[in-house]
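Go ahead and model the full structure; you've got the sequences and the hints to work with.
For the protein sequence lines, the chains are A and B, in the order given.
Heads up: the first sequence begins at 1 in the numbering used here, then just goes up one per residue.
Heads up: the second sequence begins at 1001 in the numbering used here, then just goes up one per residue.
None of these hints come from the bench; they were simulated from the model.
Take these hints with a grain of salt, some might be off.
Said to hold, decoys possible - Dumping the calculated DSSO-like pairs for lysine-lysine here, alpha-carbon to alpha-carbon at most 30 Å:
1. B:LYS1147 - A:LYS173
2. B:LYS1130 - A:LYS173
3. A:LYS178 - A:LYS130
4. A:LYS147 - B:LYS1173
5. A:LYS98 - A:LYS244
6. B:LYS1198 - A:LYS98
7. A:LYS221 - B:LYS1147
8. B:LYS1198 - B:LYS1182
Number of protein chains: 2
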Amino acid sequence: MATISIPETIPSPIEDAELLRKAFVGWGTDENTIISILAHRSPSQRRLIREHYARTYGEDLLKSLDKEISGDFERVVLLWTLDPAERDALLANEAARKWHPGNNVIIEIACARSSEELFAIRRAYHARYKRSLEEDVAAHTTGDFRKLLVPLVSAYRYEGPEVNMTLAKSEAKILHGKIAEKAYSHEEIIRILTTRSKAQVIATLNHYNDEFGNPINKDLKTDPKDDFLSTLRAVIRCISTPEKYFEKVIRLAINKLGTDEGALTRIVTTRAAVDMKVIKDLYHKRNSVPLSRAISKDTSGDYEAMLLALVGQDDA
Amino acid sequence: MATISIPETIPSPIEDAELLRKAFVGWGTDENTIISILAHRSPSQRRLIREHYARTYGEDLLKSLDKEISGDFERVVLLWTLDPAERDALLANEAARKWHPGNNVIIEIACARSSEELFAIRRAYHARYKRSLEEDVAAHTTGDFRKLLVPLVSAYRYEGPEVNMTLAKSEAKILHGKIAEKAYSHEEIIRILTTRSKAQVIATLNHYNDEFGNPINKDLKTDPKDDFLSTLRAVIRCISTPEKYFEKVIRLAINKLGTDEGALTRIVTTRAAVDMKVIKDLYHKRNSVPLSRAISKDTSGDYEAMLLALVGQDDA
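Now the structure itself:
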C-alpha cells in the first residue's frame, strides 16, 4: 500500500552516499540525483546511507542537504530522509511549540500511528529534545485541549482485535449522554477516546451509530466553528478512518487558495511508505482527478518532482 | 545494591528445572529445594528455568508451584519467580481492580521504576491482560485520583540529568501557590508531577524547600487523614526518595498488629534484586534492629525462609 518504488537491485549505501556527495560539491547542486536516490530507498536503506555519509564525510547528510537546497524542496527531502520515528518526533515538537487550537498534527501522530510506533516516537523525542513529548504538549496547551491531548500522546493502547460488546454498548451510551448535554470535554469522553483500544473504540462508535441514528461526528458538528469539536472529530477520524482523514488533509491543502505546502509535504512524507496507495485511490474517487495530476498542477520544480517520486505516477 | 546472592557457578537451567520437578513429585513437597534454587537466580536465569521447565514437563513452572505450595509462601515464590515487568504488571492489575484511595501500589510502580521499566510493564500488561494499564486504571478510579493516576502510569519521563533551574523556580512557585490555595488537585500540580523528568521534579522540590522554608510534603500534611494528600506525598517520595519510601512501607507492614504480608512480600520481591541493600541499611538505622531479625520475629516457616533468602542475612 506504499507508493514509493524501490529498484530491484539497489546500489550499496556506500555508492549512494558517494553519489549524493558528488551531487553537492562543485558547480551547483544536482537535485535529480538527490531525488533519484533518496526517494527510492526504504527507511533502513536511508539510515545506512546517512550512517555511511556521516562516517565518510564527517557531516550529517541532513546538514549537507540543508546547505545545498532550500524552501519546500528542502523541507520534503529533509522530512523524508529522517527515520519515521524521528520525523514524527520533529513534527510533534514543531506542533507542540507552535500549538494553537485547530492544529491537528499532534492528533494525527497520536492517533494514526500504531502503539509501538507512537512509543518509538516518544523515545526519539527524548533523544532529540531532552524532554518528553507529553511534557511539551502539556506545557504548551491549556484547558480542554490539554485534557485531551496529553493522554492521547501518552497512550499505549492495546492493539489486539478483541472487542467487548457489552462495554461498547455502555460506553456508546455514555458518549451519547455527554454529547447530548454538550459536555464535550467531559472526562468520560476523554477516558473512552484516549485509553480504549482502537478496535474497542470503533465498536463503540459503530454501536453509537446503530443505536442513536447518527454517526458520532455528525453529533459533534453542532457548531462547525468550535475548535474543540473539530479536534474531537479529528481524533475520531484518525482512529477509525485514517486514510480518509489523510485524503481530506491533502484535498484541503491542494484546494486552498495558494497550496498549503506544509500539510501536503507532511502527509506525503509520512504516508508514502505506509498507506499512500489507498489515500491516492480515495483522492481520485473524491476529486475525479488523480492525485499526481493535482500535485503537478499545484506545485513546480524540484519540489513537484520529489512529491511525484514519493506519490508515484498514476496509471494512464 | 541487591541483596540476593547468586552462587559463582550456577547449575544449568536444565538441572535447575529437573531438581524443581523432583521437589514437586512424590512424597510431599521439598520447599528447601524451591528456595535454594529460585531465591538464588537472576531474572534471566529464572526465565530460562521457566522456559526449560515448560518445554520438558508441558506445564508452566508457576502452575506447578501453585499446585504444590500455598499461602504467603506461595505468594512470595510466585511473585519472585515472575519477570520483573510481568510481576509489576500483575501487581498493578490487582491494585487497579481493587483500587481504593490510599492504595499506593500503582504509584510505587509508576514513580519508583525507570521510564524504560515502566514501559516494559505496560507492554507486559498488554500481553497478560489484553488491555492497557492506563485503560484499567482509568476505568477503576474516579475524580482527582483518576486525574493523577492515569498520567502517572502513562508517563514516559525524560531520564537525562539536565535540569532547567529557571523552570524549577517558576514551577516551585506554581506548586506553592496552588498548595496555599488548597487546590491540591489543580491541573498544574498534576502536570508538573506527572510530566517532568525526575531530575527536574527534584530540582523543583529542592527549590520549594529553599524558597518557602518547608519541604513540600510538610505543606501537604495539613490534613493527615486526607487520602488525596497522602497520595500526593507518596508520589513525591517515590520520585525523590524511593528507598526511604520502601523502608517505611516495610516498617509499617512489620509494626502492624498482625504483619501486613502483602506489603512485605511486595517490597521484598520487587526490590531484592535492585536496592534492598540500601533499604535494609535505612531500616536498621531507623528501627535499631536489622531487617532480617525483624522479619524472623514476625514471620515463620517457609515464608520466613524465602524472605530471608531474598533479603540476605545481616552481618553479625
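Outcome of the hint check:
no.: 1; hint: B:LYS1147 - A:LYS173; verdict: holds (22 Å)
no.: 2; hint: B:LYS1130 - A:LYS173; verdict: holds (23 Å)
no.: 3; hint: A:LYS178 - A:LYS130; verdict: violated (39 Å)
no.: 4; hint: A:LYS147 - B:LYS1173; verdict: holds (22 Å)
no.: 5; hint: A:LYS98 - A:LYS244; verdict: holds (26 Å)
no.: 6; hint: B:LYS1198 - A:LYS98; verdict: holds (26 Å)
no.: 7; hint: A:LYS221 - B:LYS1147; verdict: holds (28 Å)
no.: 8; hint: B:LYS1198 - B:LYS1182; verdict: holds (24 Å)
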